[in-house]
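Undergrad: Spelled out from the first residue to the last, the chains are:
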Amino acid sequence: MLKARIIPTILWKDIGIVKGVGFNSWRRVGSLLPAIKVYNTRQVDELIIVDITATEQDREPDYEVIDEIADECFVPLTVGGGVKTVDHIKKLLRAGADKVAINSGCYTHPEVVSNGANLFGNQCVVVSIDVYKHTDGSYECFKNCGKTPTGKCPIAWAKEMEARGAGELLITSILNDGAMVGYDLDLIKRITDTVGIPVIASGGASDYEDMHQALTIGNASAVAAASIFHFTEKTPLEAKQYLGAKGILVRKF
Amino acid sequence: MSVVIIDYGMCNLGSVKRAFEECGATVIISDNPRDAEQASHLVLPGVGAFGDAMKNLVSAGWDVAIKKNVLEQNVPLLGICLGMQLLAERGYENGEYSGLGLIQGDVIKLYNEKLDPNFRVPHIGWNDVHSKQEYVLTDGLRPATDFYFVHSYFFKTTRAKDVLTTTYYGLDFPSIIRKDKIMGVQFHPEKSSRAGFQIIRNFLTIN
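Chains as they are written, first to last, in the working numbering: chain P, 56 to 308; chain L, 2 to 208.
If you are wondering where the hints come from, they were derived from the structure by calculation, not from laboratory data. Be a bit skeptical, because a hint or two may be false.
[Claimed, not checked] Restricting the straight-line Cα-Cα distance to at most 30 Å, the calculated cross-link-like pairs of lysine-lysine (BS3-like) are:
(1) P:Lys146 with L:Lys56
(2) L:Lys157 with L:Lys56
(3) L:Lys162 with P:Lys214
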């Protein structure tokens, strides 16, 4: 049977790894390549790395850096940040990404999802959706690293992205991200109820029980986390031991 | 003599190359079918759509070179993911296309009829493989070892003797197929950490 995936997320800004709270106050937590090597040695299920300044600076992904990282990475690698065209996807795949995450680019160039899926297969097109929860409880998609409201409802947007050919969705709660208050289970569940493709829950994990809830209550196929791996003693391996004891199928090695 | 990784413009070859090098092979990535003559082993990787992939292979002349070296010279061939599927006779991804026809079977879509949340398509992640028969390619693997899969289509065959392992995802599908020295793996050994390297090392012992 398929295993639930535990995915460390690495946010990357000007060559350093950073982690923020609520998509702000970025803290530098290390440099990129050594972190990749550590996760690689620990045989994590998968890695997501996102260049969080590419879109803001209106530049393409840094293919050379990805190339260098991919050479050291024998676990699946999803790369995001600054992807707007099919050519960007192609260059990232050639540089060694296994999957490409597209976020802001989907709002301005939604055809990149369909064209990318047609050309490279939908399994390598991950649509990343950053979701803000308003005080009245309504949800809205934000782009540009959580800075710009889009007016889109994440449930409808998730469905539209699936229809366009996304192979997987990465759903991040902006308010929960870095706050270590647990995943937004209601949001995750509403999206997994709506789409038939795998959903990765992201934003808010404070402990292994949060992951357990995202996988069971939220029905997510995978959980992504950054802060708890960067700032605490918790590890993906321990997460799996906890989840395994709770009856979740996880990969053992 | 070296391992030749076939470059037909369909995917990242860097991690496949690095994984084979980690396993002690001398590797060249080639877009020239003539290099197949020098190959001790051929590797056909691939990510993308079946039809485009076949078109690229045929227009570069790889289909002829692969068949010549594999069928006449008995050079071991490993297809990875889409590369495995291309070994089939036909593929039904957005139409009907002829494959290389090296192993009997059709490539059809994984379909989650009941929208069961346990079987979302694409099939992405780590799943276990179960041995159906002994062969050197799977030597040294523990039972039910996990490998990394990313695919929406699978290799459907009625010839049980060509199926080396199966994996369950709503149905049992062949995760490793093999006929003589022609082999295909639906998962990505280059992304499957130690277990993946074991498969690659085993493949390199076949000659």
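Undergrad: Within 30 Å, alpha carbon to alpha carbon, are L:Lys162 and P:Lys214?
TA: With Cα atoms ~41 Å apart, L:Lys162 and P:Lys214 exceed 30 Å; violated.
Undergrad: Do the alpha carbons of P:Lys146 and L:Lys56 lie within 30 Å of each other, as the hint requires?
TA: This hinted pair holds, its Cα atoms lying about 20 Å apart.
Undergrad: L:Lys157 and L:Lys56 were given as a pair; does the straight-line alpha-carbon distance stay at or below 30 Å?
TA: Given that 30 Å is the threshold and the Cα spacing comes to 21 Å, the pair holds.
The structure fails to meet hint 3 from the earlier list, while all remaining hints are met.
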